[in-house]
Structure formats: C-alpha cells, structure tokens
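Knowing the structure of chain C, use the given hints to seat chains F and P on it.
Chains as they are written, first to last, in the numbering used here: chain C, 105 to 423; chain F, 707 to 834; chain P, 260 to 398.
Every clue listed holds true.
Computed from the model, here is a short list of chain P residues facing chain C with C-beta under 7 Å:
#1 F297
#2 S328
#3 G330
#4 G331
#5 P397
To be clear about the criterion: a stretch of chain F counts as covered by chain C if any three or more of its residues have a C-beta under 8 Å from a C-beta of chain C, and this derived list gives those stretches:
#6 796 to 806
#7 809 to 822
Far from chain P, by Cβ distances over 10 Å, these chain C residues were calculated:
#8 D132
#9 R142
#10 Y157
#11 K180
#12 D185
#13 I206
#14 R226
#15 T260
#16 Y267
#17 Q271
#18 R291
#19 K320
#20 A334
#21 V375
In short, the hints are calculated from the structure, not lab data. Using N, Cα and C, we set each Cβ at its ideal position, and we do this for glycine too.
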Amino acid sequence: MPLHYFMEKLNLDEAELQSRRNFFEITDDDLNRLAGLRGFAEKYIDDIIDDLYQLILGHPEAKQQFTEHVTLVRVKRAQRDYFLGLFSGRCDLAYVEDRLRIGVAHERVGIPPKWYLGAYARYLRSIFSRLLIALPEPAQAHAAYQSVEKLVAFDTALAMDTYIAAQLDALARHQAAIRELSTPVIRLYQRVLLLPLIGTMDTHRADQLMETVLLKVVDEQAHVIIIDIAGVLVVDTKVADHLLKTTEAVRLLGAQTILSGISPTIAKTIVNLGMNISAMHTRSRLADALELAFEIVGKRVTSIAKKPAGTPPETAQDS
Amino acid sequence: MSAHGPIPVLRIGSTLLASIQVELRDTIADAFQEDILKMIAKTGATGLVIDITGLEVVDSYVARVLGDTGRMATLMGTETVVVGMRPVVAATLVRMGFRMEGVLTALNVEDGLALVSDLLVRRHSGGH
Amino acid sequence: MAPCVLSSEKLVIACEDDVVIARRKVRLLAETLGFDPFTTAAITTATSELCRNTWIHAEKGTGLVEQISDGGRIGIRVELRDDGPGIADLDRVLAGGYSTAKSLGLGVSGSRRLTDEFRVDTVVGRGTVITVVKWKRPT
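Next up, chain C with everything else stripped away, as it sits in the complex (with noise of 0.2 Å):
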C-alpha cells in the first residue's frame, strides 16, 4: 500500500502532527537535545543495534521470523535508518514520511506488533545504559534519555497506526469479496436469470444490488431477472424502495422483474411506500415466478404424458 495512502488515512497534515507532538510533549529542546546527540548516536549505533539482533536471534519465535537473509538484511539497514532518525533533530511531515516508510516495510513483510515494539522498548534500554556512559552528569543522561523516550513513543504511535490502517483496509477488501459472492446471478436458461437474495439487506447492498443487477442483464441480455426475497431476514422501506428502483431501472434496460417470494410483511412495506407497482410482476413462490418468466420468453412448463408401465423408450428416429 502506497505511503500517500496512509498519510491520507491518518490524516497526517500540519495540523495533525502539531496536535501529536503537543500530546507526546516533544518540544524544539527536546529534538536539539536529541540533535546534539547525533555523535553519540553513531558512536554506538552498530553496539545498540547487535544488542537488538542478539535479543532477536535468542529467542526461537523472533529469530524464525527473520530466518530469511533477505529479511534481515532489509531490517537491519531499516533498523539503522530508524535509529539514526532518532537523532535527526527533526519531528516534521518528512519525519513522519521516513517513519511510515518503515512501518509499511515492516507490515509488507509482515511482523506483527510484538516484535517490533519489543525492539522498540530493547533500543531504549540500550540508548539508557549508553547514555549513562556517554553522559557522566546523570541529570543531563535523563534529560537526554526523556526526550529519546518521547520520540520513541511518538513512533510507536505512528507505527501502530500504520499497522492498524493495513488490518482495517484488508478487512474491507475481504468484505467487498463477501458481498460479491453473497449477489449471485445465475443464468437460469437462455435469457433468463436468478437472483437469490440471503441473509441481512441493508441499504447500502440494496444500492450496490442494482448495479450488479443491471450489469449482468445487459451483459447477459438477458428479457428478464428473478429476484427472490424469501431469504431476506427484514425488509424495511429503504431496502424496498431500493428493490423498486431496480425493478424500475430494468424496464429502462429493455427486461423484465419478477419479484418473488413476497410474504405478507413485505407485501405490506411495499404498498405502503406507495409507489406504483401495477406495472411489476411479483409472485410469492418461485416456482410461480419460474414459470412466468418461461413465459415472458416464450415458453411453457407442461406435463409429459405417461406412458403405461412395459412401454420400451422411444429410439430417436431419423426423419
């Protein structure tokens, strides 16, 4: 997924990230501070980033995670470009960019949140222990301590973000596939098609109804469409109107509507809209509706004559 998609989703704007910064209490000191610290920050980025690995390749879970080379390579050198921002001195709109680049590195490659906050709290802990090497006067280790820590925390914000926008965007994708296996038209016999509708019809799939209706009568040419409401749990006054706009929208196309399986309930929702339904065809049952549509196209469902019982099948003849 594209970074301007998640910087669209998070609303990542000016405004958004002062709103943020405010909260995370990451002021202009903080990323001086940070900033004056860039020597100690390559000093000992190699020590703080194999303390990581080490974390890593200890634990069986984590290291089969990164068993790929090609994994770990890409993660590492992502690792030394996260770290090494840390000491950018710079919390503005390319920061967050770089930020989300790496959180979209991670979710492509698939690590779930664990991992990576666990790193995320393993750099602190070796940022800490450096520092107070590095910094003899302990107030200024704090000092320069807190202000890692809050840029640290305002990452994992944005990494979670991230992470949490990848989740819902799949889950919307999968539900777009739901709804197009639940809308079904089925090719009942030439030119005839079925449409059985199940389960729960809220306005928004009575909408998309339509155009799937519409799209699969044009393409199949189809004279008329079955659409059967038996299995339709609640009817309500927007879902019919939207079902009688189809119908309606399908007379313009040139075909017809058999609205089937109407029971009493839907009956009632539906002449109580008021519209004008004399010129729809309904019908309770689908075999009635069945059999009107063979009609509408010409045909007619009779019995075959039975033939007594010892009466050998006929043989095709040629005539």
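Coordinates of chains F and P only, in the frame set by chain C:
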C-alpha cells in the same frame, strides 16, 4: 438513409431507426425531437426505434426529451421503443427520481424491431 | 477536519456548451481518480444538472471542480455560484418530484440524490451557491 444533424436515421421498412452516438447537448436533443417527428409525418412511419447504446451520460433534460419524443411519436400513431440504455444511465436516472413513463424499452435494436413488429401485428388484428 | 483541496479547476457557465464542458471536466477527473462507472455517472450527471440550472435560471455563473481528500477518502467537489434570481420555495424544490417535473425541480433535487454531500445557499433576488461532493467508493 437520412441524417438530419448528427443523428443518423435509417429506414427499415416502415420503421425508423435512430442511433444516437454523440453526446447529447440540449439543442441537439431538441433538434432531434423536431426532426424525427417531422420524418414520421413525412414518411408515415409506423415504428420508431431509438438506439441509445452510445449514450454514456444522460441527464434529466435529455431523458425527458427522449421520453417526450417517444410519447409524441406514439400519439402520432408510431409504435416507439427505446433500446440499449446503459446500466450506468439507468441507475443514475432511477436514483435521481426520474421516471420514463409511457415509453417502451428493449435491450437492443433486434429486440426493439421485433417488439415494434409484434405491436403492429396486434394493432392490425385487434382493430385499433 | 475540513477536507483538503488537492486540485482545483475553474468553471464558467455562460452558454449551453459550457454545460457540456463542465460535465466533461468532471467526468475526466472522476475517471482519472479511478472512480467506478456508477459513481462517475452520478457526479457527472449531478454536475450537468446544476450547470444547466445555472445556465437556464441565471444565464451566467462560475464554478469550481475540486479534488478533495479527507482522512483516507478522495472525492470530487463541485461548486456552482451565480448572481441569478435565487431559488424561491427551496423546500419544495428540494423535495423535487418523482415525475417529469419542471427542469428546476428535478435538476436540483436530482443532483442532491446523486451526491453524498449537498449544500445550497440561496437568496431570492441575489443569487445561489450550490456545492456537492461525491466520494470515491472504497474498493
């Protein structure tokens, strides 16, 4: 074949087939209505098929002109069928609340011509 | 949070052709932004309705076609403004008609039904501003 303006009109027996391929702006729609009614008067056409397969955008004005044209032609004794409306057009018109009443529709030109034919047969046998 | 404007294009309504031009601009933008055909048709038609409205009732107007964004969604916003006669009896017009009513009624109410957000400011004798928004469907 005659082409009054940008909309070609074919004669198929005593039926006129108008194929609208261009994007309809208001004055073209109005001109089309004028022209087709004149043609019906002049040729005594008993059928009219308006093919709008080529229309991707139809707003309420154009839809109304088309509907009116159909109703006017019918009043003049011409069986009229509008064919080939696109799904996006149908959906948009219906969602807008537009209703096209008193005009028959069919999926395509072939079905439209067949429908006109049926109607004329019924007309003659039914006495009208 | 107010949506941010990613691009903006001016519209001028002074003749019938301008209605078609405006329509095409909106359609092109919708297609460029990857709107599905039904959503494209909705905003294109709504634009056509509003522009025609301006042209017929005010004879002259200006507008904007904007690409907007709001927390993950992208959308198209179309604004039309004129110094025309204004819309008297706005409620009735908005209620519109499910019938082949006068052009004013169906145009304005129709464009409202086709869009996600709709706003009209009108003063009789002074002019009208109508703004509509259509969001891209999440895939």
